[in-house]
Structure formats: structure tokens, C-alpha cells
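Residue numbers (my numbering), protein chains in the order written: chain C, 1 to 149; chain X, 1 to 149; chain H, 1 to 149; chain A, 1 to 149; chain F, 1 to 149; chain Y, 1 to 149; chain G, 1 to 149; chain W, 1 to 149; chain B, 1 to 149; chain V, 1 to 149.
Some clues are possibly wrong.
Claimed, not checked - Simulated crosslink set (DSS-like; lysine-lysine; CA at most 30 Å straight-line):
hint : chain 1 : residue 1 : chain 2 : residue 2
1    : G       : Lys147    : W       : Lys16
2    : B       : Lys16     : B       : Lys49
3    : W       : Lys147    : V       : Lys131
4    : Y       : Lys16     : A       : Lys49
5    : Y       : Lys147    : G       : Lys131
6    : V       : Lys142    : V       : Lys49
7    : V       : Lys16     : B       : Lys131
8    : V       : Lys147    : W       : Lys147
9    : G       : Lys142    : F       : Lys131
10   : C       : Lys147    : H       : Lys131
11   : B       : Lys22     : V       : Lys19
12   : F       : Lys142    : A       : Lys49
13   : W       : Lys131    : G       : Lys142
14   : A       : Lys16     : F       : Lys147
15   : G       : Lys19     : G       : Lys49
16   : X       : Lys49     : X       : Lys19
17   : H       : Lys16     : A       : Lys142
18   : A       : Lys22     : H       : Lys147
19   : G       : Lys147    : Y       : Lys49
20   : H       : Lys22     : H       : Lys131
21   : B       : Lys19     : B       : Lys49
22   : Y       : Lys147    : F       : Lys16
23   : V       : Lys19     : V       : Lys49
24   : X       : Lys49     : C       : Lys19
25   : V       : Lys142    : B       : Lys22
26   : B       : Lys22     : B       : Lys131
27   : Y       : Lys22     : G       : Lys147
28   : H       : Lys22     : F       : Lys49
29   : C       : Lys147    : C       : Lys22
30   : F       : Lys16     : F       : Lys49
31   : C       : Lys142    : C       : Lys49
32   : V       : Lys16     : V       : Lys49
33   : A       : Lys49     : A       : Lys22
34   : V       : Lys19     : W       : Lys147
35   : X       : Lys142    : X       : Lys49
36   : B       : Lys147    : W       : Lys16
Hint data in this document are derived by calculation from the structure and do not stem from the laboratory.
There are 10 protein chains.
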Amino acid sequence: MISNREQVTAMILTAKVRKALKWSQVADAIGQSKEWTTAACLGQMTLTKAQADVVGELFDLNDEATAWLQIAPYKGSLPTAVPTDPLIYRLYELVNVYGSTIKELIHEEFGDGIMSAIDFSMDIQREEDPKGDRVHMVMSGKFLPYKTY
Amino acid sequence: MISNREQVTAMILTAKVRKALKWSQVADAIGQSKEWTTAACLGQMTLTKAQADVVGELFDLNDEATAWLQIAPYKGSLPTAVPTDPLIYRLYELVNVYGSTIKELIHEEFGDGIMSAIDFSMDIQREEDPKGDRVHMVMSGKFLPYKTY
Amino acid sequence: MISNREQVTAMILTAKVRKALKWSQVADAIGQSKEWTTAACLGQMTLTKAQADVVGELFDLNDEATAWLQIAPYKGSLPTAVPTDPLIYRLYELVNVYGSTIKELIHEEFGDGIMSAIDFSMDIQREEDPKGDRVHMVMSGKFLPYKTY
Amino acid sequence: MISNREQVTAMILTAKVRKALKWSQVADAIGQSKEWTTAACLGQMTLTKAQADVVGELFDLNDEATAWLQIAPYKGSLPTAVPTDPLIYRLYELVNVYGSTIKELIHEEFGDGIMSAIDFSMDIQREEDPKGDRVHMVMSGKFLPYKTY
Amino acid sequence: MISNREQVTAMILTAKVRKALKWSQVADAIGQSKEWTTAACLGQMTLTKAQADVVGELFDLNDEATAWLQIAPYKGSLPTAVPTDPLIYRLYELVNVYGSTIKELIHEEFGDGIMSAIDFSMDIQREEDPKGDRVHMVMSGKFLPYKTY
Amino acid sequence: MISNREQVTAMILTAKVRKALKWSQVADAIGQSKEWTTAACLGQMTLTKAQADVVGELFDLNDEATAWLQIAPYKGSLPTAVPTDPLIYRLYELVNVYGSTIKELIHEEFGDGIMSAIDFSMDIQREEDPKGDRVHMVMSGKFLPYKTY
Amino acid sequence: MISNREQVTAMILTAKVRKALKWSQVADAIGQSKEWTTAACLGQMTLTKAQADVVGELFDLNDEATAWLQIAPYKGSLPTAVPTDPLIYRLYELVNVYGSTIKELIHEEFGDGIMSAIDFSMDIQREEDPKGDRVHMVMSGKFLPYKTY
Amino acid sequence: MISNREQVTAMILTAKVRKALKWSQVADAIGQSKEWTTAACLGQMTLTKAQADVVGELFDLNDEATAWLQIAPYKGSLPTAVPTDPLIYRLYELVNVYGSTIKELIHEEFGDGIMSAIDFSMDIQREEDPKGDRVHMVMSGKFLPYKTY
Amino acid sequence: MISNREQVTAMILTAKVRKALKWSQVADAIGQSKEWTTAACLGQMTLTKAQADVVGELFDLNDEATAWLQIAPYKGSLPTAVPTDPLIYRLYELVNVYGSTIKELIHEEFGDGIMSAIDFSMDIQREEDPKGDRVHMVMSGKFLPYKTY
Amino acid sequence: MISNREQVTAMILTAKVRKALKWSQVADAIGQSKEWTTAACLGQMTLTKAQADVVGELFDLNDEATAWLQIAPYKGSLPTAVPTDPLIYRLYELVNVYGSTIKELIHEEFGDGIMSAIDFSMDIQREEDPKGDRVHMVMSGKFLPYKTY
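This is chain C alone, in the form it adopts within the complex (with noise of 0.2 Å):
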């Protein structure tokens, strides 16, 4: 009995594990971009059916956990409010040292209103630089205005 999505996930990163699949694999098989998938498989979006039954089948699911998939999840990957692991904490650093200076900026151009943490899209790339390969992270959010009413 399946209750909830984090049964899928789990199932699908011991899949993952014992089949030695890649996410650029599996972002591939259902023509998604390699981000979309990776946090669709991790239990944070929602699938439709034709993509669900790509992902199962690649990662072995029965029927219920493909159901599942196309289910709108609870959201949110981290165990705990700060992140512990490292490669996560420096996310959350990255928040707390430029989030003031983030604030500033978009409203300085924007005036007041938000970056969409919906609809929004990301890439992440390997940028290569002499002095040590780099991490090139790409965010896109549309401009939310607060308006008066």
C-alpha cells in the first residue's frame, strides 16, 4: 500500500542506485529538460500520464506508484528547515548572505512585487574555467507586481 510520494521517490532512487540510471537519461526518454525531471522524479511535480508510464517503466514501478506520479505531491525535498548537507547549505547560505541584496535589486528595477518560484525554470551547466571547472546555475522567474485594489 502506497500512502504517500515519498514512497515513489524512494523507489525510484533504489531503482536508480541498481540500475545505474542517469537523470540526463531519464530526462531524455521523456523530453524534458534534465532539471523538470530530476525534480519530478524526486517527488516534486507532477507527471502527466504519458510521462509517468516512461518513468515507470524505466525505474520499474507498478501501476500504483505510476498513479501516483501524476498526483499534485506535497512539496518540499529537505528534512530539516537549515539544510545540513553541505552541497544544500550553500543554497540556503547563498539565501541568507544575498537575499537582503536579491530584495534590493529586482525591486530597484521592478518596484515591489516577487520572482515566481512557479512559473520559473532553471539550468545548470558545467562552466569551464582554467583555474577550476564552475557550477553555472540559470534562474528565470516571471515578475509578480503587488498592485493596489
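For this one, chain C is given, so just place chains X, H, A, F, Y, G, W, B and V on it according to the hints.
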């Protein structure tokens, strides 16, 4: 008597409102990006004497405040671990929803390690879009691998 | 010296008690709804220069305070993550008890996505009822769908 | 052995996915609003014997599970005090940003007291809009005044 | 300049020590119970103009403070979620140890619903006892049932 | 294998639903008040052998479970420091809103000390009222004075 | 204007440093143990008029401060729930490591109940030891049994 | 499969209830104080092979469990930072109320340093008293001074 | 089915107790330092195939577990933000007491930046001392400077 | 009026910026290591009269501040349990990632016990390295064994 950098940040914010300065003007004056400059003025970076003198003049700071700008500050710009401000929360939400995804993809590309939040730069631009302009953020951080020893 | 919006909110609250003003009067004076107007005066919204001038005059604010009203504030009006005030706690309790319900019903109607808290408006009215009058709150927020990319 | 209502909620969610039921169908079957019905199925409300029998049949529950539906549950549907799911967080954000505003306006209209979260009903509808459909939520709660004694 | 009720509470406590007043004297002066009166003076209840004038005179408050007594306050009298003071902690402990018991017994008698903390009164008396006098607290709150809709 | 009292509480709750027992019946069977009896069955009190045998029979407990009922349990019946269940939260709210009041009045009557939560009893009754029946709770705890030494 | 006991504690600490007083001298002056006396001066106990007068004179307190010493204070002397100071943390660690042990042994000896923290006294002495002197703490608290009712 | 010491503690507690053993009997069997023995059985101390064999026999532990008793455990016996159990909370309250006092008196007697919680022993006895027997706890910890370097 | 690295860590700890292995033996077997090897076995580092095969054989792991050792794990080895185990707490205490000192001295020597926790190695040795042997820990991390951009 | 050590730390930090002193100069002046000296000036250690006089002169402290330097302070230099400053967080991360490793290795070498954080010294040096200089930290703490009693 100034005993911490936060007091200097408050003086800068007060002067910025009174003199209606823009962060981009400050950045031009000290010859750095608007992202680094804003972070520095908000108490997250250390300025050189030359930079501090320019900032001090722009914001009418006294000598004591200008000296504090040249001291490495206790960093972190958020009043609570989970930020309440909607704009900054969206960044936190991205870390929460996409954190495990970013971790998986960086590891898939680079192996175990992190994206540095120190050897790091950021660029924020308006991305024009007929369906509504977007915030375009580029982050670049050096990949640092874990090694055996 | 004013270094954050909370100081201006405190000045407004002080003047409001002293002058016995009503929020509906302030709303009429700036020509916006009482909901937006109150939120703005309590430090959650950004005012235009014209609006700020009216508010400044009503509450006897000085120029510095009036300038701050036109700056996008750090938002969030609660002193603790779980509010202690009984009226505000009831709202939190509704999110806690009905949160999963609202999520299910919005997803059933719209698919995966959220109700915007930015492209949002609210209206609070007295609902007369022989068994005891009721508070009638209407909230309207744009649905924002998650999309694949 | 079932020892709490959360286990019954998990059974309902599992069956709902497997049988591809809609909350509105369940609501029709027991003759209540979709809002109350969903909250009840998610473990927040107590059902009568008749309602529990219908729900039990729809979700293939055994007698023990159906009995638990008739017991007043320990309420609260969120795994953390500040919800991580973006849809539910937006509701929390509204309480945070507008909480003090709602408090002020209810007190201005009714005097000191609260909007009941018990003598309460809610209605969620799609609000068609050429600029993008909206979520329209109506909440109605009895005003309960504080009295002297 | 007074910008919140807590400042008035501090003024009352200061004056109470200086003038060696008793809460029961204050209660007599405004003609209410000592429980409601004390809660009101400690910033948890709203006073009428007549009551506020009496309290203002007893504690030598200025007009601004007396005006604040007539504004519905942000309630909650504890500095931390779990109180450290031994007397108040014992009350918290009772909620912790007996909370599930009280819930069970109210539901057994009344069905699903709550005891109101708003339509509520309290009486505290000395209960003489040869083995040591006791604190006798009576709490009476209206039962509010959850209903279907 | 039973390794803590919480497992016994779960067994009791399961049996109570299955056998549709009432707490008052259990109380009659062991000859104690319904308040103490319910607290004991919910894992907050220690039973004598005789009491445990009666409870064990009523709820079909095995010998190991019956033995655990006679062991002083780790007490505390709430899953979180601030309870989410609306009925129990109202009790917490009373401590929060009236905590400082109760402290002041007990000190005014008795001097410095506490109301014992151990040498304590409680009685919960329905209080009939034409405007809606009320929950009537009486708490009686021995006053314990702080003394110098 | 003094509005809480913590201000008086600060005044005492300031004077103690300035006048280089020892707690044992204060204890001798008021004729109580050094443990009770120190706790009282640090804002955890209530003094009689006679005791307060002596303390007031020793620490050069004004009448208002001396009056506050006679009011039952809001107790609790730690700034955080888990203390950061190494000496006080060791005490917390003892509760953490030995807490379940002490509970088991008191229950084995006395049955269910607690050691009172109110009807309590403490004595701290130097214990000479050739391998390094030791801190010798004796705590004595009345056992209070839970009883059925 | 046993993967941590807590599982062994649960096995011991289960057997202790089933076999109605007393901690003092266990202490006699291994020839240590009842305080150290109980702490060891509750997973806070490391046993020698000889001690573990005795404990293993008394509680019918298998070889794997007996081996775990000889591994230094991850210590800490409380499920939450602030304990909810009334007996253990009283100890926490003593740290909270008397923590600063103990700190002052140890520093006054010994200078800056701590009482060791490692080079430490404890003794708990019944103290007969006509007004009600008392718990008598003696704690002895080596004083460790901070030194300059 | 293994769905996370923590399960593999539990398997390793279980086998280590059963087979009475030492970390230094494991380190020798894979030809790395005991510090890195232990951290890797405890789920904090990623092993190569060759290393994982050796570890798998030493601890009798199945293929699935051995595969998980080669996946970058979610790091962080403490169950709570502030560790309760006395040995690990002492490390936390050092960060708390000396954190600001280390920050000052690194900045004084190197300017603004950090000591890397990734490009990092550690060595723990016994330091013989007639007054009692000491733990000697050497930490070496690359200095990473903040730069302007 | 100075009522705690933190005020003296603030005075020292203010003077240090104004006079552009280095910690190593202060250490030389009082003849102690730069590590102990900095910790002492930052409010974590107690100074002798001679040391305090030197520090007082260097930082232009008045007599009251100099007296406070000789009082054992309430220790702990971080504003939050999990530090936000990137440099200090890296130390916390090391405790989190390597905490269980250090515990295992110390126990393997010494048996059950701890590394003292009191009988402790620390040395921080620049380690020259062609791939980038490193921070070299040596910590030495006495091993304290748990013993039976």
C-alpha cells in the same frame, strides 16, 4: 559609538532613503557590480579603504562608520531562519523544492563536492518577455570536490 | 533617524490612537480598499508618492517617514512563526486544519499550481445573521500553474 | 490494528489514487459540501455513522477504519509549523502578511473578539478571468466577542 | 511616544509596585471580577472608556496610555512558547499531561467541538484545607460544536 | 514486544473504538473519577495491579501490556510543544492569555509559590445554559510556597 | 522607571562588580544560605521587606528597586532553552544523560510522583580531593506522590 | 539486526517489565552503584565484557545485544530539548531557576571553570522527614579550571 | 529494498559490532586515513568502486548496499541541531565559545574569506602527557577569499 | 552603567576599529597566545587584574569595564544555535559531518569519555601551500574518561 556592522547598515539605509540614491549609482561610483556593491553596503562584504571612502562620502558616513566597512562582518542578512518576506521566501522555497534536484545534477556532472558560495558571483537582469517580464538570475560558483586523504 | 519601516509603522499606530482615526477613513482618503490601505499602513505594502503624502498628512509623519512609505518593505507582520494572538491564531488554525483540503480542491479544479498571494485581493465584511453576525472574508488570487520545461 | 486517524487518512488517499475518485464525487455521495467532505476524509472532521458508511464503501475501508471516522480526531494537517508546500505556504504567507490587517479591520467593525474557526464554513470556486482564472475563496465565521465578567 | 500596549502594561506594573496597589482593589474600582481586571491591566483585554479612565487614574497614566487601553491588544502574555516560570509552567504541564484527557471527555459528553476561550470566564479562590490550602480554579467556556455544511 | 507505554495507549485506543467503550464506563469499572481514569488509560498515570487488571480485561490487553500499566510512564500527551488540535490549543491559549493573570492572583492571595500539578485533581462537567451549554472545569491543586533556607 | 525584576538584577550585578562584594557576604547580611540569597539577588526568589532593605543598602538600590525585590518575579535565569555557558550546560547535560536514570530510581524508591522543585533546598561546597578538588552539590526536595481521585 | 543502542535499551526495558526486576538488583549483580548501573542499562554508559554478560543474562539478551552494551553509546536520554515528563522537567527547572546561582557560587569558590559531568558521580537516597519524605540527591564532579595559554 | 544511505550505515554499524572490527583496520584495507575512512563508512563521503568493494566485503554488504556507497550521500551525522552526546557537544561548544575568536584570527591573517570544509583534512592522535593523555586534533582547510566582482 | 560582559566586548570592538589594533598586538602585550587573548577580549575568558589592566589601557576602558573583565562571563559567542556567518558555519558543518567520526575514533583510541573543552588549547597558523594557502588549526584537549562508580 558603533560596535557592530549592523549599525552601519542602518546608517546607509537611512541615508539612501533621504538622498534617494540607487544601488546602481553606488556600484558605478566604486566600479564594482551592482550585486557585490549592494551586498557590501548591506553588511555582507568587506570593502577596501578606497571603496569605503567612496561609500562613506555617498552616504555621509563618519570616519568610524567608514572604518567599520573595512572589517570582515558577521554575515547573514535574514532576521529568521525561514524568511517571512515573500520575495526572499521564494528563494528559500526554490532551495526547498529544488535543493535535492540541484544536488543530484551537480553530483551527476561533477561527482561529490559543492558549488562554492565564496568563489561565487551573481548577476541579476530584467528578461523582457511579452507574457510579462522575468527576473533572470545567473549564479556562478567554483566546483569544489571532496577528495580522499 | 529612521532605519526601517517598522519604525514608521509604530509612528502610524501612535498617531492613530492619539487622533482616533479609523482605517476606513484612511482608505477613503487615498481612494483604495480598506484592506490594502491597512496593510500598507502596517508596513506590508509600498505606497506611491501621492498615497504616501496623504498618509503622511493624516498621521503627522515627517518627510523621512513619508519617504520610507514609498520603499518596498521587508514583509511579515507577526512576531512569532505561530501567532499567539487569538484572532490571528484562528487564521493560522484554518491553514493548519484546512490546508490539505484547500490544496486538494485547488488541484482537483486547476491541476498542479498555486493560488498567488501577490496577484491577490481580499475583502472583509460584516455578514448579518440572526444567530450572531459573522465575519465574511473573500479572497481572490490568480491561479499559477506549474509547467514542464 | 488501527490506532489513530492518520492511518485511516492514508488508507483513503491510497484508495483514492487507485480508484481515481474525485472529492466532489465523495461530497455528492454524502450530501455535504466538497470543502467539509474533503476535510473530513483528510482526518479533520468527525463523520456520522451514515456518512462514514458511505465513505467506507467508496474507499473500500474495513469496519475498524469506518469506526475511526466517527471518532473526533486530533486535528492539524501540516507536518511542520511553517508549511513547506508552496500552495499551503501561500496561505500561511497571507496570514503572515495580512494577519495584522485582518485583526485591525475585524476589531474596527466588531470590537474586540475573534472570527470563529469552529462555527465556520468555506467555499472554493474557480473565478473565470481573461487575464488568467483565479481561485475564489469565501470564508464565513461567526464573530465571537470578548466580554467583561 | 507609546506605540504598543506592552509599554502601557509596563507603566501599570511600575505604578502598581510604587503605589502598592492590589489587583482586587483595581477590580473593585472598575466593578469587574479580579480575573478579568487583571488580564485587562496586563494587556490582554480591551477596556471601555469608563474602565480605562478609572484604571488610568489608579495607575497615574497619561491620556495617551489611557487611550491605548481602549484598543484591542495583540494578545499573549508569555515570552516563550514553553513558559519558564514555575507557576505558569505548571499550567502548561497540565495542558500537556491532561490535554488528551480533556479532549476525550469533552468529546464524550458533547461530540466534536471545542470549549471557547473567548466566551469564557474564570474564577480563582483559596480552598482551605487542613493538609495545606489549595488553589481552586473554575473555568467555564461555551461549547462550540463543529457542524457539517 | 512492548517497549514503551505509548504502545499500550495505542492498543487501548484501538480496542476502545472496536468495542465502542466509553471512558465513564471504564471509570466506573475501576472506581475512580473519569478524569483520572482517562488520563491513566492515555498513558499519563500509573495503575495499581487491581486497576490494571480491570483495564486489561475491558480492553483485551495481554499480560505484558497489563504489566506496563503499572509502571510510571514518561508523561506528556502532546506531539508538539504548541498543540495543533483546536480543542487542546484553546487550553494552551488560556495559559498564554491568562498565564500572567493567574500568576499575579495566586501570588496576591498566597505569596510566592505555585499551584501543584501533582497534588491536583480535576472535574469536567456539562453546565447547562439557555444560550448554549458550557464546559465547566474545576481544577484544584495544593499551594506550595517557596521558603527561604 | 523600573518595569520588571530583570532591571533590578542588572543593577545588583553592576553594583556587585563596582563594590567587589561576595555572595557569601550578602548571605551573611540577611542571615540566609548563600544558595537562596544568590538566587534571590539574581531575580529568582521573593524577599521580605527586611531582607530587601539589607540587600538594597548593600547594593545601593533606590526605593523602587527595593520594592521590586518584594514582588514574586517571573522566574527562569537562562537566555536560551539549551544553555550555551559551559558550566550551566554541564548541569543541562546531567539532566539529559541522567534524567531517565533519576526518574527510574525515584519511582523505584517512592512510586509515581516527583521531587519538588519548590519545597527544595540546595547546598554547594568544595570537596577537597588530592586528585583535584570537587564541587559537591546536595539537593533535597520533598517527594510528591501522584494519587488517584 | 540491531543497529543502535536504543534498540538494546528497549529490549532491556521490555524484559525488566516482564521479569519484574529492580534496578538495585541489577546493580548488586554487577557490583556498581544503582545510579551508574541504571544509566548504563538505559544506554548512557559503556559496560565491560563482564558487566555486559551479567546484564545480558539478567535481561535475556542475545549475543548481539550484549556486544552493543560494550560500545560507547550516543548519549542523551530525552526525546525533546525541554523534557515534558513532570519528574524530569523539575530537574530542568532547577537548572533554569538555579543555573545562574550555581554558576556564581562555583566561580566565587573556585574561579572560572566548570564542574565536570564526566568525572562525576551521583547518589540518590530517601531522606525521611515527618513532614513528608524527601528525595536527597548528592552530585560530585571534579572542578576543572580554565587556564591561560 | 535500500532507499537511502542511512540504511547502509546501520548495516555497517551492525556488522562492525558483530565482527568486532576496528576503523583503523578498515582504513588500512582501503589505503586511506582513518579519519576519511570512518567518515565514509558513517555515510558522509562517497567511495570509489574499488573502495566500496573492500568495505562491502569487510562488512558483508550485499551488492545493493555496495552500490549505495558510491552515491554522493545527503550529509550531516547529527540527529539534532545541537548535539546531545557529551563528546560531540564539546566540539559544538568549542565552535560556540571560540567561533568568534577563530573568525577574528583568520580574518586578521588572511582577510575576509573562509576555511574550506571541503578541501579539508583532519588528523586525530593521542598526545601523551604525564598529567593525563590528550586528544590532539589537526585540521587543515584551504583558505578561500571573498573577492569583489 | 555596565551590567554584563557583552557591553564590555562591544566597547573593545569599538575601540579596536577606532585604534586599528591587531589581536596579535594585544596578545603580545599581555603575554598570552593570540587565541586565548582574542577569546578573552571577546568575552569568553576571565582575565587577571594585571591582564585586565593592560587590556583596559589598550582599549581605553574605564575602571568599571576593567573590573568586568575579571568576572567569569556567561560564555557563548554565537547569536543563533546554528551560526549564519559562513566562516563560523564551516566549523559547525565540520562538527555535523565529522562529529560521529571523531566520536568513533576517540572511543577507539581511548575508550568511552570526552575531549575536554576546558583543559584545552588551540593554535591557528597559516600553512603555506602552492595550491593556495591553508588554515592550520591544532586543538589539544585532555581526554576525560567515564568511570564506573
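Among all the numbered hints in the text so far, which are the ones the structure does not match? 3, 5, 7, 10, 11, 24, 29, 36
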